[in-house]
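**Student:** What follows is the residue order along each chain.
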Amino acid sequence: DGGITQSPKYLFRKEGQNVTLSCEQNLNHDAMYWYRQDPGQGLRLIYYSQIVNDFQKGDIAEGYSVSREKKESFPLTVTSAQKNPTAFYLCASSRTGQGNYGYTFGSGTRLTVV
Amino acid sequence: GQNIDQPTEMTATEGAIVQINCTYQTSGFNGLFWYQQHAGEAPTFLSYNVLDGLEEKGRFSSFLSRSKGYSYLLLKELQMKDSASYLCAPYTGGFKTIFGAGTRLFVKA
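Chains as they are written, first to last, in this note's numbering: chain Y, 11 to 124; chain H, 32 to 140.
Rather than coming from a laboratory, the hints here were simulated on the basis of the structure.
All residues carry an ideal CB built from backbone N, CA and C; glycine is no exception.
Keep in mind that a hint or two might mislead.
Under 10 Å between C-beta atoms, here's a sample of chain H residues computed to sit facing chain Y [to be verified]:
1. Thr39
2. Thr75
3. Tyr101
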């Protein structure tokens, strides 16, 4: 079955450490996205990628980095520069431009700074 | 600017009908999504409205009025499993979808 897989489900990070969240899809979608979800707030876009080897900053890119070396994979690195990284991170994919197809979301990674 | 308003929480009884309202102000508008999200899980696609009017899909219907910047999601014959957050999300075009904070719906027996 096609889908989008995020790992790990839970992640604990010490202050000052970089961590990388994995996102893999086998839906043959061109576009991939990273969102952050905090309690009481809507999903906020961190980065998105329309095509391999290309990605764009979203609304809250500071302290994050991404790569898109393969169509299937869009890992997110949360760097030590991100001051408040504790959140629920969601990866999504879509046909290009989303249109009326909507996103397919992964099951999320809950990151906690300890 | 971008602004989306939807109630924070709603409670309804099993078997009843509930309407979740959403008003939005966005720079650009191509359509509006509704997603369902159970606690700790990924959002799942419910509906997408481009034109004004009501679209029905089983127990769920979604309405859009573009001139009023208004949408609602109507859930009929409520079931306990419908307890979830419902996210209103205007699609402004390209790769931009703006998500509201969501409405947490509690369905009680």
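**Student:** Is the shortest C-beta separation between H/Thr75 and chain Y less than 10 Å?
**Tutor:** OK, holds: H/Thr75 within 10 Å of chain Y, min 7 Å.
**Student:** For the hint on H/Tyr101, just tell me whether its beta-carbon gets within less than 10 Å of chain Y.
**Tutor:** Nearest chain Y Cβ about 18 Å off; hint violated.
**Student:** So, H/Thr39 near chain Y? Judge it on the closest CB pair being under 10 Å.
**Tutor:** Holds, because the Cβ-Cβ distance from H/Thr39 to chain Y comes to roughly 8 Å (cut-off 10 Å).
Of the numbered hints listed earlier, the single one contradicted by the structure is hint 3.
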